[in-house]
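*Asks:* According to our numbering, the stretch in the sequence shown is residues 405 to 1013, in order.
Bear in mind the hints are in silico, worked out from the structure with no lab data behind them.
Nothing false has been slipped in among the hints.
The list that follows gives simulated cross-link-like pairs (lysine-lysine, BS3-like), each with its CA atoms no further than 25 Å apart: (1) K747 to K778; (2) K622 to K743; (3) K622 to K652.
Label-pair distances were calculated between CB atoms; the ranges are: (4) G523 to S695: 56 to 62 Å; (5) P746 to D615: 27 to 33 Å; (6) T772 to G992: 20 to 26 Å.
Computed from a predicted structure; not experimentally measured.
Note that CB positions come from ideal geometry on N, CA and C, so glycine has one too.
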Amino acid sequence: RGEERAGPAAAPRSSVPEVGVGEAFRGLLPLLGEHKRALAVCVGLLLSVTGFSLAWPWIVQHTIDGPLATQRALPEAARSFRGIFMLGGAVLVIQAVTLVFQYQLRVRLETIGQAIMLGLRKKLFDHIVNQDMSFFDELPVGKLLSRVESDTESLRQLFTNAVVVILGDVLLIGGIWGVMFYKAPRLAAVLLVTLPAVALLFWAFHKLTTDRFFEVRKRTADLTATLTEMIHGIGVIQIFDRERYARKRVFESSESKFAVQSVTEVMAIVFFNVLFWTEYVKIALLLWFGSTWGVSPGIIVLFLLLIWKEFEPIGRTAEQLSSFQKGIAGGRRIFGLLKRAPKITNPAPGEAAAWNGIRSEVRFENVTFSYDGKHQVLKNVSFALAAGTTTALVGVTGGGKSTIISLLFRFYDPQEGRITIDGVDIRSFELSELRTRLALVLQDIVLFPGDVRSNISLEAPAITEEDVRGAALTVNVDPFIQSLPQGYDTEVSEKGANFSRGERQLLSFARALVTDPELLILDEATASVDPETERAIQGAMGQLVSGRTSLVIAHRLSTIVHADQILVLREGEIIERGAHRDLLGQGGYYAELYELQFEKEGSAIHEPK
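Please model the entire structure based on the sequences and the hints provided.
*Replies:* Structure below.
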């Protein structure tokens, strides 16, 4: 199909909308709403951890200004030390309880995060598989993988780390300032002058890096797509000695990502350093004004501990702000994808036409189609497939043959004209109803991980063991399957690499027949198999197409000489039509193709009897 297009330069701009930060947040809220009770427990744990974290500096201040400051004689000292030991024990108990609460918080948050991501991945994949083919034309496999895996992982980090850490640290910082103002309001007010600078730093960092983090996510997806393409095509790359080309593509994509990411990371480093410097300004102000105003040693130590304690949440918040930005960038990309509505849809509820089978014909009526809206691949094409007959499509690559198949399955809809089954526009049928009545044998065979049985049935609930065996027997692949070590339970390796191309072709043929389709479509079904395998397929073809509406595409004209009708396409138009003998008698384009193949294959082409 790709060879029938205008090429990369003519590709349409992406139809996946971009969403803003606010819209991404609104998309996240329903996901969080599904776990309201669990999140409420986490908030309670978070508040408890924050309170316990502030307790021990307070105890230290009380110890310095209490037992240590008042001891005089030995008996009084003993009492003071007993008080100190009791306070120290209280600190240990508080820390132990804090650790237990922190453990509970982390476990619960991780569970919630994983549950949210599981649901989101399911929703995302369900949305992807219901998209039309133009969507997959726009987005390479690597970019889709990046959105399903990498972007959702960024969101998980946002839920389990960034949001909670930032929220917890904001509560802790608020608690720290609350204690300061409670103990020494005038001194706390002096230290408060640094807060506007800190707020300005956070605002500037967010403003400067939001779009950059989004761009990093996009370039990460580009790099993943490039790596996927190069790895999938490694055989071709090595055959043509194009390793240098592959390295150039990957290095350019890597350097493009590095150019944006390195600037963003440098900005983050500068931000952290300036942020920490403001904490040392607080310490300097504390020591100066604390000594000038005669503040007690315990209060000075308390403020020092609280300032040092503030270092940790501010640093964590600054670090998590990067994760927060990455998560939001991932969320924007995910919810942009979820916002993309499929162009091929079912009829409105209650308006779908009932399927009554192919009783008369399948008809193309003045169909015109273009992939990019500019270059027409089919031009005013009209023809009919009479029920129970076999029609063949012939023509050079790029003539529009595969596009006709794509339109039959409603992978795309034509811009002009319509396709009907017994006079009913196929857009009036439910997609699942239409597609389950059709079957397709592709030239490029796709086998999935699993056993041979599941690759034939695709685990459709309605297909029985007898159906699978019957389809395999019909295409004469059952003896081969039975000869395998585990028969129908034999595992299929990645891409079916443990089978020959011809064996994979026969398995896909059985897959097409197992549903007993009303319209059988063979897209170059025997173009890439050896003569023996082709004979095995051809031996079953007579039984397969007998009484079944069939559409065959083949470059090897020997496979279609018995077709009831042959349509000859060139540059998107039907230029000849008729039976094999009639077309030969016309001495036109088909006869020219036939003679060329006859000279090449000799006795491989026979006249129909």
